[in-house]
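**Q** The residues making up each chain are set out below.
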Amino acid sequence: MRAQPKASRARTAETFKSWLIMLPGLILMCFFVWEPLFESIRMSLYKTRNVELVRFVGLDNFISVVTKDDFLQALQNTFSYTFWSLLIGFFLPIVMAILIGETTKGKGFFRTAAYLPNMLPGLAVIILWSAFFSGEKSGVLNILLSGLGIPRQTYLTRAEWVIPIIILIATWKGAGATTLIYMAGMAGVSAELYEAAAIDGATVWQRIIHILLPAVRKLAGTLLILQIISVFQIMYEPMVLTKGGPDNASLSLMQLMWQYAFGGSMNYGKASAVAVIVTLILLLMTAVYSYFNRKESDWD
Amino acid sequence: MKSIQRTGVIRDYDMHSASVRAGYGLILALCVLLVIVAVFPLIWVVLAGFKDLKEFVSSTSLLPEKYDISMFTTTWNQLGIAKNYLNSLISVVGSVVCALVFNGLLGYGIGILRPKGYGVVKKMVMFSLLMPTTISIVPLFMNIQNLGMGNSFLPLWLSFGANAMYIILFVQFFESLPMSIIEAGRIDGCSQLQTFFRIVLPLSKPICAVISIFAVNAAWSDFLLPYLVLRGGDKQTVMVRLFVFSTEQTVNADNMMRSVVFSMIPPIILFFIFQKQLTENAVSVGIKG
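These protein sequence lines map, in sequence, to chains A and B. The numbering used here applies: residue 1 is where the first sequence begins, and numbers increase by one. The numbering used here applies: residue 1 is where the second sequence begins, and numbers increase by one.
Heads up, a few of these hints could be off.
[Unchecked claim] Computed beta-carbon distance windows for the label pairs:
| # | chain 1 | residue 1 | chain 2 | residue 2 | range |
| --- | --- | --- | --- | --- | --- |
| 1 | B | Phe127 | A | Asn293 | 15 to 25 Å |
| 2 | B | Lys123 | A | Gly58 | 30 to 40 Å |
| 3 | A | Leu145 | B | Met124 | 43 to 53 Å |
| 4 | B | Ile90 | A | Leu72 | 37 to 47 Å |
| 5 | B | Thr74 | A | Gly58 | 53 to 63 Å |
[Stated by the list, open to error] Computed list of lysine to any residue pairs in SDA-like fashion (alpha-carbon distance at most 20 Å, straight line):
| # | chain 1 | residue 1 | chain 2 | residue 2 |
| --- | --- | --- | --- | --- |
| 6 | A | Lys17 | B | Val101 |
| 7 | A | Lys17 | B | Ser191 |
| 8 | A | Lys107 | B | Lys276 |
| 9 | A | Lys107 | B | Arg21 |
| 10 | B | Lys66 | A | Cys30 |
| 11 | A | Lys68 | A | Asn248 |
| 12 | A | Lys107 | B | Phe274 |
| 13 | A | Lys218 | B | Val283 |
| 14 | B | Lys276 | A | Gly108 |
| 15 | A | Lys6 | B | Arg186 |
| 16 | B | Lys122 | A | Ile21 |
| 17 | A | Lys107 | B | Gln277 |
| 18 | B | Lys122 | A | Ser138 |
| 19 | A | Lys47 | B | Asn146 |
| 20 | B | Lys122 | A | Leu28 |
| 21 | A | Lys107 | B | Lys122 |
| 22 | A | Lys47 | B | Gln145 |
| 23 | A | Lys6 | B | Ile187 |
| 24 | B | Lys123 | A | Leu26 |
| 25 | A | Lys107 | B | Val32 |
| 26 | A | Lys17 | B | Arg186 |
| 27 | A | Lys107 | B | Val35 |
| 28 | A | Lys107 | B | Val39 |
| 29 | A | Lys137 | B | Leu53 |
| 30 | B | Lys122 | A | Trp19 |
| 31 | A | Lys107 | B | Ile36 |
| 32 | B | Lys116 | A | Ile21 |
| 33 | A | Lys105 | B | Val35 |
| 34 | B | Lys122 | A | Asn248 |
| 35 | B | Lys116 | A | Phe292 |
| 36 | A | Lys243 | B | Leu228 |
| 37 | B | Lys116 | A | Leu20 |
| 38 | B | Lys122 | A | Leu26 |
Just so you know, the hints here were simulated from the structure itself, not pulled from any lab data. Just so it is clear, CB atoms sit at the ideal spot from N, CA and C, and this is done for glycine as well.
With the hints as constraints, model all of the structure from the sequences given.
**A** Okay, structure coming up:
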């Protein structure tokens, strides 16, 4: 009878010590991740001066941010980034994974080479590519295209070109990592399945359409939503490459947030309002996606 | 005939068909093209580094007129990049230590100790994976300012101790460890902390290596928070410096390209040493970004 409370006290002590071990990590997660999330919601409702909250203003920050022309432009641009990123960046890694997956000799080399740009610092990549798309006659693309007889172009001052160009650069850097994820997914398909299909007379093309692609459909869905979340936060790429120009044609929502906060005016309240809007849009899109995804799996 | 192991859609007997053989040739050609697209910009930026300003802005040749390594050493000395390299090194080392210790201990709690209520923490960590990260940079910066940690490496180091992805990787690895070994240690009288350092950590070298490699690269490449914390001070890292160059346009285009080369050297060295670990584990780490 007496052993009972003793054992339970020992268990309580164990639990306490376990939480003590987790405590440093928990404090850091609170400080760097969880608290700032709530803080940004709170700050968006306050008028701020430097790092101080001056007074509660309700939705004033949101109204003031949303009614400015640059917000609508940035919102439209951010959706445009997402559109181009899905058009270019979503399908390319699938194609690359199929291509590399079919090779025999040199597969490891192709994989490694495809992954290399992913290791490079994002900032350095953007600066490097700015020289490629330079409008001068010494711009790399102009040099390459002049060989084909195409006259000099100024790429980054054309409103209709900047967003696709920025997405191209982001895809150059990121596609290799996604390719490796697809390759891992595709490696899970048993070779016997292809053999059986081949015996039934399925061509290589039919095997890709009816066996390989369905096998990575779920993975593609997950990667799609992750890609949208990530491209929706695009910020430093236009900041460094075009400063949001020409005439705000590449200004993104997160860049607008950065401008409010660190662009001289130090308006942290309005910056947080933009951040909250971006978060809400992302949550909405994630919810819509999981709703349709559930529907779809009901049919299966 | 030597048989090649085919793991893809195309099977060996398909290769009897001329059209499949042609298609396979096309696949190889496209893969070679892919390698060229991936590598060409890197080779170009090194070549461009040999050009002086006049040549860089006016030459229509991809190759430099002459290969003089002093172009690089002059820029290195003039801009004082050595100091930035040292700062980056300090930042990277502290970040990796924090990434291993804090995420490792939290992962140990969630994956092995599992005290009452650990499920809530696990859910919150999983949730943080889905949350956009840049969103919270404004309040985070304010918190750092309020604590008087501006112009210090400390907040940058500690920020690596709060990485949901690394925590999940640790948890997944710890959950795969044989519980019997851990329990044996407990019976032998090891405390929870001793069990972690004497039993769990030595078994976890593979995951620690993977997280270290990715943390080194992430800490080296990071520049938004470091810029806000370190700008204007004497602790600027290579990436902060490069960001300042690009926003304030205080350096010429040719020096800029050489600085880009300097910033890429450590990640490329890291890549060539650890390419196997990197490409094998990109799947688990990459799923986030």
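**Q** Hints first: check each against the structure and report whether it holds.
**A** Structure-based check of each hint:
1. Phe127(B) / Asn293(A): 15 to 25 Å: holds, 18 Å
2. Lys123(B) / Gly58(A): 30 to 40 Å: At roughly 32 Å between Cβ atoms, Gly58(A) and Lys123(B) fall inside 30 to 40 Å, so the hint holds.
3. Leu145(A) / Met124(B): 43 to 53 Å: holds, 51 Å
4. Ile90(B) / Leu72(A): 37 to 47 Å: holds, 44 Å
5. Thr74(B) / Gly58(A): 53 to 63 Å: Hint holds: Cβ distance 57 Å, inside 53 to 63 Å.
6. Lys17(A) / Val101(B): holds, 17 Å
7. Lys17(A) / Ser191(B): With a Cα-Cα distance of about 9 Å, the restraint between Lys17(A) and Ser191(B) holds, given a limit of 20 Å.
8. Lys107(A) / Lys276(B): Answer holds: Lys107(A) to Lys276(B) is near 13 Å, not above 20 Å.
9. Lys107(A) / Arg21(B): Since the Cα atoms of Lys107(A) and Arg21(B) sit roughly 17 Å apart, the hinted pair holds (cutoff 20 Å).
10. Lys66(B) / Cys30(A): violated, 55 Å
11. Lys68(A) / Asn248(A): Holds. Lys68(A) to Asn248(A) sits at ~13 Å (cutoff 20 Å).
12. Lys107(A) / Phe274(B): The given pair, whose Cα atoms are some 17 Å apart, holds under the 20 Å limit.
13. Lys218(A) / Val283(B): holds, 15 Å
14. Lys276(B) / Gly108(A): holds, 9 Å
15. Lys6(A) / Arg186(B): holds, 18 Å
16. Lys122(B) / Ile21(A): Since the Cα atoms of Lys122(B) and Ile21(A) sit roughly 15 Å apart, the hinted pair holds (cutoff 20 Å).
17. Lys107(A) / Gln277(B): holds, 16 Å
18. Lys122(B) / Ser138(A): violated, 53 Å
19. Lys47(A) / Asn146(B): holds, 18 Å
20. Lys122(B) / Leu28(A): holds, 15 Å
21. Lys107(A) / Lys122(B): violated, 38 Å
22. Lys47(A) / Gln145(B): holds, 18 Å
23. Lys6(A) / Ile187(B): holds, 18 Å
24. Lys123(B) / Leu26(A): It holds: about 13 Å lies between the C-alpha atoms, which stays within 20 Å.
25. Lys107(A) / Val32(B): Holds: Lys107(A) and Val32(B) sit about 11 Å apart, inside 20 Å.
26. Lys17(A) / Arg186(B): holds, 14 Å
27. Lys107(A) / Val35(B): OK: Lys107(A) and Val35(B) at ~11 Å, within 20 Å.
28. Lys107(A) / Val39(B): Since the Cα atoms of Lys107(A) and Val39(B) sit roughly 16 Å apart, the hinted pair holds (cutoff 20 Å).
29. Lys137(A) / Leu53(B): holds, 14 Å
30. Lys122(B) / Trp19(A): holds, 13 Å
31. Lys107(A) / Ile36(B): holds, 15 Å
32. Lys116(B) / Ile21(A): holds, 14 Å
33. Lys105(A) / Val35(B): The given pair, whose Cα atoms are some 14 Å apart, holds under the 20 Å limit.
34. Lys122(B) / Asn248(A): violated, 41 Å
35. Lys116(B) / Phe292(A): violated, 36 Å
36. Lys243(A) / Leu228(B): It holds: about 18 Å lies between the C-alpha atoms, which stays within 20 Å.
37. Lys116(B) / Leu20(A): This hinted pair holds, its Cα atoms lying about 13 Å apart.
38. Lys122(B) / Leu26(A): Distance of about 11 Å is within 20 Å: holds.
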